[in-house]
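Protein chains: 2
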Amino acid sequence: MLSTMQDVPLTVTRILTHGMTIHGKSQVTTWTGEPEPHRRSFADIGARASQLAHALRDELGVDGDQRVATLMWNNAEHVEAYLAIPSMGAVLHTLNLRLPAEQLVWIVNHADDKVVLANGSLLPLLAPLLPHLPSVEHVVVSGPGDRSVLDGLAPTVHEYEELIAGRPTSYAWPELDERRAAAMCYTSGTTGDPKGVVYSHRSIYLHSMQVNMAESMGLTDKDTTLVVVPQFHVNAWGLPHATFMTGVNMLMPDRFLQPAPLAEMIERERPTHAAAVPTIWQGLLAEVTAKPRDLSSMASVTIGGAACPPSLMEAYDKLGVRLCHAWGMTETSPLGTMSNPPAGLTDEQEWPYRITQGRFPAGVEARLVGPGGEHLPWDGESAGELEVRGAWIAGAYYGGADGEDLRPEDKFSEDGWLKTGDVGVISTDGYLTLTDRAKDVIKSGGEWISSVDLENALMAHPDVAEAAVVAVPDEKWGERPLATVVLKEGATADYAALRTFLAQSVAKWQLPERWTVIPAVPKTSVGKFDKKVIRRQYADGELDITQL
Amino acid sequence: MLSTMQDVPLTVTRILTHGMTIHGKSQVTTWTGEPEPHRRSFADIGARASQLAHALRDELGVDGDQRVATLMWNNAEHVEAYLAIPSMGAVLHTLNLRLPAEQLVWIVNHADDKVVLANGSLLPLLAPLLPHLPSVEHVVVSGPGDRSVLDGLAPTVHEYEELIAGRPTSYAWPELDERRAAAMCYTSGTTGDPKGVVYSHRSIYLHSMQVNMAESMGLTDKDTTLVVVPQFHVNAWGLPHATFMTGVNMLMPDRFLQPAPLAEMIERERPTHAAAVPTIWQGLLAEVTAKPRDLSSMASVTIGGAACPPSLMEAYDKLGVRLCHAWGMTETSPLGTMSNPPAGLTDEQEWPYRITQGRFPAGVEARLVGPGGEHLPWDGESAGELEVRGAWIAGAYYGGADGEDLRPEDKFSEDGWLKTGDVGVISTDGYLTLTDRAKDVIKSGGEWISSVDLENALMAHPDVAEAAVVAVPDEKWGERPLATVVLKEGATADYAALRTFLAQSVAKWQLPERWTVIPAVPKTSVGKFDKKVIRRQYADGELDITQL
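Chains as they are written, first to last, in full-length UniProt numbering: chain B, 1 to 548; chain G, 1 to 548.
Be aware that one or more of the hints could be misleading.
The list cannot tell twin chains apart, which means a pair is met if one copy fits it or any two copies do.
[To be verified] List time: in silico DSS-like cross-link candidates among lysine-lysine, alpha-carbon distance up to 30 Å:
1. Lys-318 x Lys-222
2. Lys-419 x Lys-25
3. Lys-528 x Lys-488
No lab work stands behind these hints: they were computed from the structure.
Since we're looking at a predicted model, the values are computed, not measured.
Please construct the entire structure, taking both the sequences and the accompanying hints into account.
Here it is, written out as structure tokens:
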């Protein structure tokens, strides 16, 4: 028996047409560095999105599901691209301007991008890539910046404002299948080629609803959100679409991501909400500690991308700003969890919940999978790899124009769940606490040893400056932990003493047998421990190992 | 280009499994009339929903998409039915206990219900119908009430608690197509047979998300909602499913719908939200005026089903309780609009928005259609019939087991939109104000005349106690208004004076030519003007008409 309900697709088009009419007065405010920021109403954004679609179709020949890339900061024009490109049936491809040049070239070629919309200030980054991007036929430039850097390097170059000027402010948007591709974003794994996640109209629409649910960010047209998280990072955590759905005003920092202008825009524009990674909040805290600013308009802040140090949360609590943990990844659109505590608790009782990654919404099913593939209980103790399932969770990666979608075994389970690569525990009331990356966990005799637990315990010793623990092959146990230690100035290596010290906080079977001192822990470009370097050094016999 | 997202269906099953785990501690509190209400956790509700599904399948043989009806008050067992029946693949059919017996019989036969779950207190209503319900094989009874009234009338009778006891507390729920039927509800039109709306898993899931969005009811597990609107009225406005999705505690009045117990349950249980029709709030106001009670826990109240008198809103404002208008109907799941004012307004500026029906969410597209079928602008002045479209809006009525779905012309447009039968205007910022039922509007020479406007203007005259204006056929204009007036004690009919009085507030071409005095305006069983009686009396020549 089928229902008698209408079969109406969930599309970005609907978000666009709704936002520009019912919430036509809401605004996107873009920071300019000038005395006054730039303000544009949702009604105007909608009209200009139509103009952009006409320009892309009629002038640049974008058709079908061709890819249109953006290399842009967070600003009003980028929001227009977010709405126009999927609504016309094409695919928005946001390029991460922090990636190395060779990865950007690989990604643009893999996506087969036809057009790149770029901000003028980013042309020095784009220009040297263009000779290596044969699919790109047009570059469309908006915002300040010297255009001449493109001379001789680019295909056809257009000024955004000139390109859209005078075109019709409405568009006969096609009725699209909700499972059609709307946007794509590549993950930049440290190993192998980047992998493309292709979001559908349906996934973006559902994710937008979830973001606006009271249990998540819960924003309305009475709110203004400061969108610091870049639009090239998982669609700015879904905010540009979610805000257009309910008329939430957007405050966009453009290229002014430094603590001083952020502090100024918060004090002047008084956003009620903000979203950014911990590093931003660290920097802002230092700024307002040196030069006090009123941040109190921000009732809530969504913080994700990395675990937030509890001390940072406490510091912001004192400023009247509540940081709320969220967990997600490119493959999860990204909203996976948010750490709103349950009801009826005191501030003190809420604390243990606030420092978790949070709870899953109904749209995200979760399970923990142990070292043997078994499903683990939610008891707050059993640690396993987190696998998730849902309508805004990736089930594959884009295989390129001629390829099948990719479903690598280490990323997707046989029954289609996403393997997040994160290891953690889930409490009986559904709160997730992540402890390790799966690749950093030591699989020893069918049990898992947390490298992070060992590192934290080691770094509590007065002689230890830094410590990194990695898995190394072991004939008997499969894997065993190798402890690499950076000693403090003047300290000498006493592995037996360190081992005894460790034994106070971890189980005996988890204690490392292999020890070495290194001058510094190798780090990635974003400052994380680069454990694959240590594993390679060990495999190549470059480390001087002491066996206890 | 297809997306790489997982293809996960949106189902009631997911609402059930999510609510019973992540929000297992949330509660359904059912009023009992005893010193202590009955409390049951979501975890227990979920376990019992599994037991109910096992009982329905294994003991009563419910299979496939068979219909299971409920004739129940709002209580924990009814919530269990809401979750178990759709999740097992069957269809929940809520029976409106206020309908006349012959309509209930027609509805049960049309839906071909196999099982009826009934509350003991409603058996006196059910028993006399049973001989006329050949499809009903089983009656399952819960709650207090004399079972003996079924003797000799019913097929197999089961005690709910005995039926589910000892069965497994988990169930291998099937993976269902999200467009599959989940629940059905019949509208009780004043003309013709009742019409069945069949909700899908998808429509219920999306509607639940919308209810929980901050712009709508915006509830979380920190809330308790007092669900006065019956579960047999459009799924209690979607609350039992929406609450389970985010862990909102439910306070269920069962059969205790009188003002005194409602006041007591509010004061004792301190719900943060409530949902009911205006009549309930009128009654409660009288109660707490006579015997003051603390209602202040209810930060917000959703009021719908009929327009709320502004005076009632003002009275509750003074009690610290904010009534918020919502508009919807059985065919719209029902959330169509909610009257949250836009941002940045004073209380006084908010008032004109609060008394509208409110704004549409992104999931509900709206248009106004004029007398000639033309689409009208949203200018706050052009009045047309409201038509809506969306994923939780009906596109047809159930045609019965062997019939095609019904798409009557007066209910659905050629392009599939629902004709709501409501006439109104929409402001430039998207706020809907309903003025008339389409069938009560007078279509005169290609223009519409609002019968409600004429009635309100007439009733402002000191001689007039009541007035009803109806359309009557007119050779020249198609239709013209007939004014029927009930005079106050001692007043005499002076139609010319009334016409002059009317001319002060309505356009000259709208003034009625036909007048009559009647002893009282005919009313429906729920107290609304029954204009079809007046139209029939006019057509039959029963009224003494004066032509001006």
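>> Tell me the numbers of any earlier hints that the structure contravenes, in ascending order.
In response: Failing hints: none at all.
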